[in-house]
Amino acid sequence: MGHLDHATFGWLTPALSYVMACTGAALGLRCTVRALGATGRSRRNWLLTAASAIGTGIWTMHFVAMLGFGVGGTDIHYDVPLTVLSLVVAMIVVSAGVFAVGYGRGRTRALLLGGLTTGLGVASMHYLGMAAMRLHGRVSYDPPLVGLSVLIAVVAATAALWAALNIKSPVAVTVASLVMGAAVSSMHYTGMFAVSVHVTPSGAALPGASAMQFIFPLAVGLGSYLFLTSAFVALSPATGEREASASAQRPAESVAR
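Sequential numbering from 1 applies to the sequence shown in the working numbering.
Hint data in this document are derived by calculation from the structure and do not stem from the laboratory.
Warning: the hint list may mix true and false statements.
Derived Cβ-Cβ restraints for the label pairs, each shown as a range [stated by the list, open to error]: (1) Val175 / Gly37: 17 to 23 Å; (2) Pro81 / Ala231: 28 to 34 Å; (3) Leu12 / Thr108: 26 to 32 Å; (4) Arg44 / Pro81: 14 to 20 Å; (5) Phe216 / Arg107: 24 to 30 Å; (6) Ala231 / His3: 38 to 44 Å.
Computed list of lysine to any residue pairs in SDA-like fashion (alpha-carbon distance at most 25 Å, straight line) [to be verified]: (7) Lys168 / Met91; (8) Lys168 / Thr229; (9) Lys168 / Val220; (10) Lys168 / Ala100; (11) Lys168 / Ala183.
Even glycine gets a Cβ: it sits at the ideal position worked out from N, Cα and C.
Work out the full structure: start from the sequences and follow the hints.
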C-alpha cells in the first residue's frame, strides 16, 4: 500500500485551498443577496454569477489541495476531459441549487431541495475529480468515510443557501464564508482520508497531464476570475445604493428647472 501525503508542500496547499473556498463562498453569498433584491434579467445575471463563483471556488479548492497530494512509489497524472467535466458538473449543480433558492416559492422546500442538489453535486465533483487520477496502482475507498463526506457536503451546501437567504450584512457574509470554507475543506479532506492506494510499481508512462502541467494553470486562471469578479461586485452599487442615488438626483433636477 502506497504512503499517502496530503500536504507535500506543507501547509501551503491546505491554506491556499481554504482561501479559495472562502473567496468563492463570500462572492457567491454577496451575489445571491444582490439577486434577491433584484428582478427580471438582473436577478438571473446575479444568480449566474453567484453559481459560477461558488462552483469555481469549490473546484479550485479541491484541485489546489490536490496539488499537495502525493502517493509514495508512483507519479500522479490527471485525465484532462474528466477533470474539465468535474468543473462543469460543479457549475451545473450549484446553478440548480442557487436558482432553486432564487426563484423557489416555498422557501423551506426550495432550501432543502437546493441544499440536497448542490451537496450531492459537490460530492460528485470531488469523486469525479478523484476518478480523473491516473497512477500506477489501484485506488479504493472506505465507504463510511465516503458517506460522511457526502453528508458534510449536503449540510454545508444547505447552510450556504440558508445564509444566502437570511444574511445580509457584509460582516455576517464574511463570517458565513469563513464557516463555509471550513465546511468545504472538511468535506474534501474527509473524502481524502477515505482513500487508500495499492501501488503497482511500473516504468510505463502514465496517460494524462501532470498537476503542474494542467491543474496549476487552470487553478490560477479560475482563481484570478474569482478575485477580479470580487473586485467588480465590491465596486458595483447595490440596489439600495442606486435607488438612494436616483432619489438624490431628482430634487437636484427639480431645482435646476
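Hints, verified against the model:
1. Val175 / Gly37: 17 to 23 Å: holds (20 Å)
2. Pro81 / Ala231: 28 to 34 Å: Given a distance of about 32 Å, which is inside 28 to 34 Å, the answer is holds.
3. Leu12 / Thr108: 26 to 32 Å: Between leucine 12 and threonine 108, where Cβ atoms are some 41 Å apart, the hint is violated.
4. Arg44 / Pro81: 14 to 20 Å: violated (29 Å)
5. Phe216 / Arg107: 24 to 30 Å: The hint (24 to 30 Å, Cβ to Cβ) is violated, given that phenylalanine 216 and arginine 107 are roughly 41 Å apart.
6. Ala231 / His3: 38 to 44 Å: Holds - the Cβ-Cβ distance for alanine 231 and histidine 3, about 42 Å, lies within 38 to 44 Å.
7. Lys168 / Met91: holds (24 Å)
8. Lys168 / Thr229: holds (19 Å)
9. Lys168 / Val220: violated (30 Å)
10. Lys168 / Ala100: holds (19 Å)
11. Lys168 / Ala183: holds (20 Å)
Consistency with the previously given hints fails for numbers 3, 4, 5 and 9, ordered from lowest to highest.
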